[in-house]
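Participant: Chains as they are written, first to last, in my numbering: chain V, 1 to 496; chain L, 1001 to 1163.
Certain hints may be false.
Unchecked claim - Calculated pairs, DSSO-like style, for lysine-lysine (alpha carbon to alpha carbon, straight line, at most 27 Å):
| id | chain 1 | residue 1 | chain 2 | residue 2 |
| --- | --- | --- | --- | --- |
| 1 | L | 1083 | V | 494 |
| 2 | V | 488 | L | 1031 |
| 3 | V | 460 | L | 1036 |
| 4 | L | 1083 | V | 432 |
| 5 | L | 1036 | V | 493 |
| 6 | L | 1063 | V | 494 |
| 7 | V | 460 | L | 1031 |
| 8 | V | 236 | V | 430 |
| 9 | V | 432 | L | 1005 |
| 10 | L | 1005 | L | 1063 |
| 11 | L | 1071 | V | 494 |
| 12 | V | 103 | V | 236 |
| 13 | L | 1031 | V | 491 |
| 14 | V | 289 | V | 250 |
| 15 | L | 1066 | V | 432 |
| 16 | L | 1005 | V | 491 |
| 17 | V | 430 | L | 1066 |
| 18 | V | 432 | V | 380 |
| 19 | V | 488 | L | 1036 |
| 20 | L | 1005 | L | 1071 |
| 21 | L | 1128 | V | 491 |
| 22 | V | 430 | L | 1083 |
| 23 | V | 432 | L | 1031 |
| 24 | V | 432 | V | 491 |
| 25 | V | 493 | L | 1031 |
| 26 | L | 1063 | V | 430 |
| 27 | V | 236 | V | 250 |
| 28 | L | 1071 | V | 432 |
| 29 | V | 430 | L | 1005 |
| 30 | V | 387 | L | 1071 |
Please keep in mind that the hints were generated in silico from the structure rather than gathered at the bench.
As the structure is a prediction and not an experimental result, all values here were calculated from the model.
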Amino acid sequence: MGALGQLGSAVLRVCEPTSLLLMIAGVTIGIIFGSIPGLSASMAVALMLPLTFSMGSSLGMNVLVAVYIGGISGGLISAILLNMPGTASSIATTFDGYPMAQKGEAMKALGVGIVFSFLGSVFSFVILTFFAPWLADVALKFAAPDNFGICFFALTMVAVLSSGNMVKGLLAGMLGLVFALVGLAPIDGTARFTFGVAEMRGGFNTLTTLIGIFAVADILVSAETIGSGVKTIPVKKVRGFGFSIAEFFKWIPGAVRAALIGTGIGILPGIGGSTSGMLAYVTAKNMSKHPETFGQGDPEGIVATETANNATIGGALIPLLVLGIPGDGVTAMMLGGFLIHGLSAGPLLFVKNADVVYGIFAACMVCALIMLIVEWTCIKAFVQVLKVPKHVLLPLILVLCAVGAYATNNRIFDVQSIVVFGVIGYLYHKFKLPTTPFVLCFLIGRMTEEYLRRGLMRFKTFGAFFTRPIFCVFFAIAVGVILWSLYKEIKAKKNS
Amino acid sequence: MFFRKYGDIIIGIFYTALGAVTIWLARQLPKSRVMKIGPDFMPMVIGVLIVFLALMLLFSAVKNFKANAAKAEAMPADTSDYKRVLASLVLVVIYVNILAPVGFILSTLGYLFLQIVVLAPNDRRTAKNILTYAVIDVIFVFVVFFLFRYGFKIVLPAGIFTL
């Protein structure tokens, strides 16, 4: 039977009532976990893993896929409504989503996010279904120097994000790099900057860092002005998804670009949705005819981020299914799911368990549709959050964040570290330092060092990196980005 | 006013010190015996970059101090309510430190109620409001507790009292 035939019969199996109901439940649980700051998609998959034990292998994997898709997409809800990314993947959604919500366009922002999450997912699933083995071969060609090139390129995005006051933006990012150094060094495991504190040997957790920088800092910032009275944010009612057909078609080129970035980054193990969302956002801003509107509530910012982070799902499933390599925490959990069901992810999976593989492909498509319907149905319920007065809402969120931070590793240290990052976030606000470079550098700093050192272990000298075309391309783009940003900065200074 | 007027100078001094400490700590780290770069390489690079950028900022801030100070003074006065900020920070610090020994239920009941009252505008602190906050506090804490403990199977700190 050809690929299309196998896919067709898998779609029929996936659409059986029991399977459909379980996937709806899975997507909904994923959305709940994704939308609560502090709870993550990987936590949701970990929670559902034992529940799938009693199911058949195909059904079990489909439910896990449902949770994964819901979990990544759900992050946009809190990012837009509360300025707190539910997951690391939706950090860049806050940049334009929250300003839109503040202008009364919360429903439109959610509509844009939901539709382009769906389209990003579908794009990557089509790629996954038809090009998985070929793309897995491409992924295998990426060695450590190439990944270092990508990370270095992503780091140079700080320069773009900091345009207007580059020195301050770069310094803001440097503190993120310093925090990324804390813990055991990659490769040799030397303890760095741990000051004898055992808990610091594991470094600071990404989720707790985000919670601190966004949630705790927001409480402190809000406390400055909250006494002047209760402000309610208006919510404009919208028809459909809140945007016109003309707007939709105008955003499509940007969405395709973001989907390619998302799927491309997803294929490379270890880089992840948070990086792809950021990269897509910065690329969209750079290529826009009106970059000054980004960060002020431009729907194109949401289009870029949400398309990219959801497109990462399909990309991340490629090395998992074809090579048995998990790219991030969630796919590592999914690999656990394969083991529980007696399946071995890798090239033989396509031969021995083609029904499971095509079941996953079909489930991806169906779950993306379920996600669209569930989120759209609940959109009016989501915006009710804006009606809760801020002085009540913020403490409730902080408690959820604290619980989420604790649940990540069952360590009180993680809860305590949210205060440290909260204070940093507040001071950044007071000193007009942008938090985005901090978050970007924190996320990518460790990876950059790891790939650099791995590359040097294998290729001995940094000069040897230049024998690799993939590294050369990314390095050249990165240098170009730096030079272009410097040129723009100097030109702007001269004009002012 | 203070942040606007002296902000860049403070940032410059802070980051110069941070860079210097990073370099100093990097020098304490062992060098790799098998590779050209060891665990000290990245901290050293970051430290040097921080010092370089911080000095650039400091130089520019000092050079333009008079112009920036005049701009800052022309802007409206800072009306931020720092008492509320400080009270919130103290509450959060206490909460995260008593969460384990006292337990989720009792510490959150106390923190949540006090935090809502601290953040509430003055006209929202009537007896009726306070009672509403207390009800929200109790309902929310128990809903979260039961949802996480029995729904998501996530064990929360038990401390001296749990269910």
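Participant: Look at each hint and say if it fits the structure.
Facilitator: Now the hints, each set against the structure:
no., hint, result
1, 1083(L) - 494(V), "violated, 42 Å"
2, 488(V) - 1031(L), "violated, 39 Å"
3, 460(V) - 1036(L), "holds, 8 Å"
4, 1083(L) - 432(V), "holds, 21 Å"
5, 1036(L) - 493(V), "violated, 40 Å"
6, 1063(L) - 494(V), "holds, 16 Å"
7, 460(V) - 1031(L), "holds, 16 Å"
8, 236(V) - 430(V), "violated, 31 Å"
9, 432(V) - 1005(L), "holds, 12 Å"
10, 1005(L) - 1063(L), "holds, 13 Å"
11, 1071(L) - 494(V), "holds, 19 Å"
12, 103(V) - 236(V), "holds, 9 Å"
13, 1031(L) - 491(V), "violated, 42 Å"
14, 289(V) - 250(V), "holds, 12 Å"
15, 1066(L) - 432(V), "holds, 19 Å"
16, 1005(L) - 491(V), "holds, 26 Å"
17, 430(V) - 1066(L), "holds, 20 Å"
18, 432(V) - 380(V), "violated, 35 Å"
19, 488(V) - 1036(L), "violated, 36 Å"
20, 1005(L) - 1071(L), "holds, 8 Å"
21, 1128(L) - 491(V), "violated, 59 Å"
22, 430(V) - 1083(L), "holds, 15 Å"
23, 432(V) - 1031(L), "violated, 37 Å"
24, 432(V) - 491(V), "holds, 22 Å"
25, 493(V) - 1031(L), "violated, 42 Å"
26, 1063(L) - 430(V), "holds, 22 Å"
27, 236(V) - 250(V), "holds, 22 Å"
28, 1071(L) - 432(V), "holds, 15 Å"
29, 430(V) - 1005(L), "holds, 12 Å"
30, 387(V) - 1071(L), "violated, 38 Å"
When the structure is compared with the earlier hints, violations turn up for hints 1, 2, 5, 8, 13, 18, 19, 21, 23, 25 and 30 and for no others.
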